[in-house]
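Visitor: Given next are the chains, with one letter for each unit.
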Amino acid sequence: MSEPATAQTPEPRELSIIYNRADRVFRRIVTTGALTSLILLGLIGMFLFVRSAQIFNDRGLKFLTGANWTAGSGDGVIPDDFSIGPMLTGTILVAFIALLIAMPLAIGGALYIEFYAAKGVRKVLTTLLDLAAAIPSLIFGLWGVAIFTEFGERWSTLLNSRLGWVPFIKVQNELFGRSPFVAGCVLASLIVPIITSVSREVFSRTPRDLIDTCYALGGSRWGAIRTVVLPFGKSGVIGGAMLGLGRALGETVAVYLLLNLVFRYNFRILESEGGNIASLIATKFGEATEYELKALVAAGFVLFLLTLVVNMVAASIVQRSTVRK
Amino acid sequence: MPWQATTRKKVATLMSLVISAVVSFVIVLVTGLAGVDGFALTFFGVSFLAVAIRTFRLDSKKRKDAFVTVAIIATAVLAFSPWMSIFGSVIIKGLRGLRPNFLYETMQTTTPDDELTLGGAGHAIVGSAIMVMIATAITLPLGILSGVYLTEVRGRLTFLVRFVVQSMSGVPSIVAGLFIYTTFVNFTNAFSGMAGALALAILMLPTVARTAEEVLKLVPDDLRSASYALGARQWRTSLMVVLPTVRSGLTTASILGVARVIGETAPLLLTSLSKDSFVFNPFGGPTGSLPTYVFGLLQIGTENAINRAWAGALVLMLIVFILFSSARLIGGKDKR
Amino acid sequence: MSIDAKGNLMTVDSSSQNSFRGLEAKNIHAWFGKHHVLKDVSLKFPERTVTGLIGPSGCGKSTFIRLLNRMHEFIPGAAMAGKVLQDGEDIYASEVDAAVVRLKVGMVFQKPNPFPAMNIRENVLSGIKLAHLKKADHDSIVESCLTRAGLWKEVKDRLNATGGSLSGGQQQRLCIARSLAVEPSVLLMDEPCSALDPGSTLRIEETIKELAEKIAVIIVTHNMQQAARVSDYCAFFLTDGGPGYLVEADATKKLFTNPSDTRTADYVQGKFG
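Residue numbers (my numbering), protein chains in the order written: chain V, 1 to 325; chain L, 1 to 336; chain A, 1 to 273.
Everything labelled a hint here was simulated from the structure, so no lab data went into it. Treat the numbers as computed from the prediction; the structure is a model and nothing was measured. Where a beta carbon is used, it is the ideal one built from N, C-alpha and C, also for glycine. Treat each hint with caution, since some may be false.
Looking from chain V toward chain A, a few residues come up when the C-beta cut is under 7 Å (computed) [stated by the list, open to error]: (1) Gln8; (2) Pro10; (3) Pro12; (4) Arg13; (5) Leu15; (6) Met46.
Taking lysine to aspartate or glutamate pairs in the EDC-like style, the calculated list, with each CA pair at most 20 Å apart, reads [unchecked claim]: (7) A:Lys129 <-> L:Asp37; (8) A:Lys39 <-> V:Glu14; (9) A:Lys209 <-> A:Asp40; (10) A:Lys111 <-> L:Asp221; (11) A:Lys34 <-> V:Glu11.
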């Protein structure tokens with residue numbers, strides 16, 4: 001009645017997917033288009049490096065550690081001397097001050113929106129937050145100069161008078177207003193919306209049943225947040241923090257307007273001198289000599305590498321946290 | 001939400017808030033703590049005290065929860081006040097300097113220090129518009145191709161492309177400007193609106209590509225199945241079925257890209273510089289733009305200049321707001 | 001086990017001459033990755049007949065039907081073995097273009113899926129546009145396909161409306177019309193009525209019977225009464241927890257009244273499934 005059953009299962013077949021010519025052309029065009037971003041990134045790195053190779057050749061590591069920026073007199077009497085040491089440390093210093101201030105604020109703000117605010121308030125704040133994340137940094141600079149400086153000066157004076165004995169807080173010049181601290185505060189304001197937005201998004205995806213379980217066990221709101229929400233959102237928040245860090249490292253205009261460019265290693269955050277690589281480039285670009293221009297490009301290349309690494313780490317953390325859901 | 005406060009509790013909270021405010025006000029007057037920040041600090045200090053009093057008789061867990069609540073609200077207020085302050089000051093101070101002539105006159109015959117009835121930012125608005133349009137024309141096709149690759153073609157480089165697009169969104173704006181300076185500006189031996197547009201395109205591409213991919217991912221697979229089951233090839237399926245379905249989503253992608261770059265200053269400082277008058281030719285030398293306009297005014301720093309800067313900032317914020325709102329409106333229109 | 005067009009039982013002889021007109025599956029196996037989901041299924045589907053694939057869920061019926069128009073291979077990790085012959089030619093041979101196969105073997109899915117960016121008329125013609133077929137009179141094609149699908153009277157005055165304005169049953173008939181426009185010789189239907197109300201279901205069953213005057217229809221269904229109403233032949237699938245396999249296939253009347261296998265008898269009497 002039935003056919004003889006096959007004694008053993010056969011191997012799967014090799015199947016060929018035939019793309020006709022139009023499909024092949026389509027795939028080729030699409031792949032090329034998609035690869036543009038890859039190519040672009042590579043080109044940026046390559047061109048910056050090539051244009052600045054001479055500088056690295058001439059000065060080697062001293063470019064990163066020295067603390068001078070003097071254009072030579074052109075006739076060889078006074079040599080060109082370009083190094084970005086203080087700008088490199090300044091970039092990192094200002095960015096870290098910004099991150100340090102921004103993190104608790106952003107997490108608190110995100111927790112407030114998701115777990116403490118009334119429903120209507122939550123919707124309004126979320127929309128406003130998205131808009132805030134889109135405010136151009138130039139406007140933060142304007143606000144910093146016109147409005148925040150007063151607060152910055154007041155707080156700096158206060159910090160100096162109460163904590164002036166701490167090494168990195170005491171100052172040589174009691175002229176507050178354009179210091180790494182003030183710039184850091186404004187940068188913090190700049191990156192808070194981004195970090196808050198990302199954190200809020202992550203917190204909103206906490207599984208409801210985990211939160212409900214906390215309550216069912218008699219816990220309080222803070223208890224639920226502490227035991228469930230924060231651990232759950234940890235990697236997402238860190239990803240957001242690194243995004244903010246990347247932004248702060250590369251910020252130009254706000255720092256340009258709020259930090260006096262001084263070529264001296266400065267770790268005293270209330271002192272009115274400093275700078276970061278981006279504002280260095282913006283400042284010196286206009287009247288740079290040929291060689292000086294190469295040095296600026298070299299500085300830009302260093303900044304490019306720095307932010308690239310930070311953003312790659314951020315991208316992998318954010319991807320890992322979204323895949324897990 | 002399990003923690004809804006009862007009406008009685010709400011009234012009690014409100015009353016204690018009012019009392020705290022009054023007490024803080026008195027303290028500020030007496031001690032001379034300056035400014036809004038002084039008041040805010042006092043207010044939260046007094047609130048902590050008020051909470052301590054009200055929860056005196058409760059168990060430690062509830063007390064801790066109450067303190068944390070005040071702390072979080074305080075943190076949130078601190079977190080939100082900068083940008084709230086920006087929204088407020090841009091509107092108030094910007095409106096002061098915004099006159100109709102601001103939108104269509106230029107600075108060709110006016111100095112920044114003149115009264116605000118003279119001159120305007122027309123050239124800056126036009127310059128920004130032209131550069132952004134060129135940048136969109138470049139990035140939209142590339143972003144769509146990127147999205148199609150990641151969702152339809154799904155070749156072997158998928159992970160790499162997605163990773164690179166994500167990483168590229170972190171390239172500092174000044175580096176983008178620097179790159180265009182070392183290549184295009186060098187090659188054409190001139191600063192131009194085109195150079196500015198190219199720098200903006202670099203910054204725009206990750207945003208557009210990422211949004212395009214998200215929008216394409218939302219197309220349900222059974223549409224593609226239906227198309228293939230009809231004997232369609234891949235390119236026809238993508239072009240005639242998938243892409244038309246996400247038309248409005250792709251529009252949103254480009255709008256968000258524009259919103260991302262319209263306020264960028266740093267790259268323009270190295271590529272298109274600035275100008276006092278209308279420039280309509282993208283290859284016609286340095287071109288004005290809203291960001292460089294405001295930036296230049298900030299550097300001058302006189303009262304009139306700053307007022308103009310606020311007006312320029314208001315126009316910029318309005319444009320961003322309009323872009324966001326349109327993106328929100330259009331984004332919901334995809335038929336699925 | 002298989003039946004010829006006259007309803008006679010036939011044993012499958014793999015060396016028999018393939019003058020058989022219609023679709024034929026020979027020794028079909030299917031995998032998802034390492035997971036073996038279909039074991040050694042052989043069936044013949046003669047022209048102008050309706051064959052129902054019945055059996056409890058999870059037996060691989062949907063997987064099997066997707067092997068008949070090469071849609072199975074879209075799923076990552078999917079693999080198959082065996083042959084599917086369309087008028088004697090193996091559609092899985094390496095020189096065969098799958099897209100061309102799908103023009104001859106059409107498919108209607110469980111959830112109606114008209115293209116949202118197109119109106120009714122464009123939906124019907126979409127197959128022609130997508131495959132870039134050269135057909136002359138579009139209007140008459142639209143009318144004839146919608147008529148065969150039993151939808152013409154209801155939409156003839158609003159061909160410009162979007163597919164979304166139709167009810168579920170109408171949308172499904174639109175999908176049937178869309179499949180017919182490319183003139184397939186076989187139409188595969190994967191539980192086409194499971195998402196529809198009883199009224200629409202009956203309308204579609206009438207449509208199926210009319211369609212079978214010209215083409216072969218293969219329909220997967222969970223609804224035994226539907227299989228009994230609509231099909232000429234039925235194939236009963238089962239699984240013991242492992243890969244799905246064919247228990248028996250026969251003329252519908254015989255399968256439902258006097259099946260050869262006890263498991264079939266149990267299933268059609270509703271004792272399980």
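Visitor: Hint by hint, say whether it matches the structure.
Guide: Hints, verified against the model:
| no. | hint | in the structure |
| --- | --- | --- |
| 1 | Gln8 | violated (11 Å) |
| 2 | Pro10 | holds (4 Å) |
| 3 | Pro12 | holds (4 Å) |
| 4 | Arg13 | holds (5 Å) |
| 5 | Leu15 | holds (6 Å) |
| 6 | Met46 | violated (36 Å) |
| 7 | A:Lys129 <-> L:Asp37 | violated (67 Å) |
| 8 | A:Lys39 <-> V:Glu14 | holds (18 Å) |
| 9 | A:Lys209 <-> A:Asp40 | violated (29 Å) |
| 10 | A:Lys111 <-> L:Asp221 | holds (12 Å) |
| 11 | A:Lys34 <-> V:Glu11 | holds (11 Å) |
Violated hints for the displayed structure, listed by number in ascending order: 1, 6, 7 and 9.
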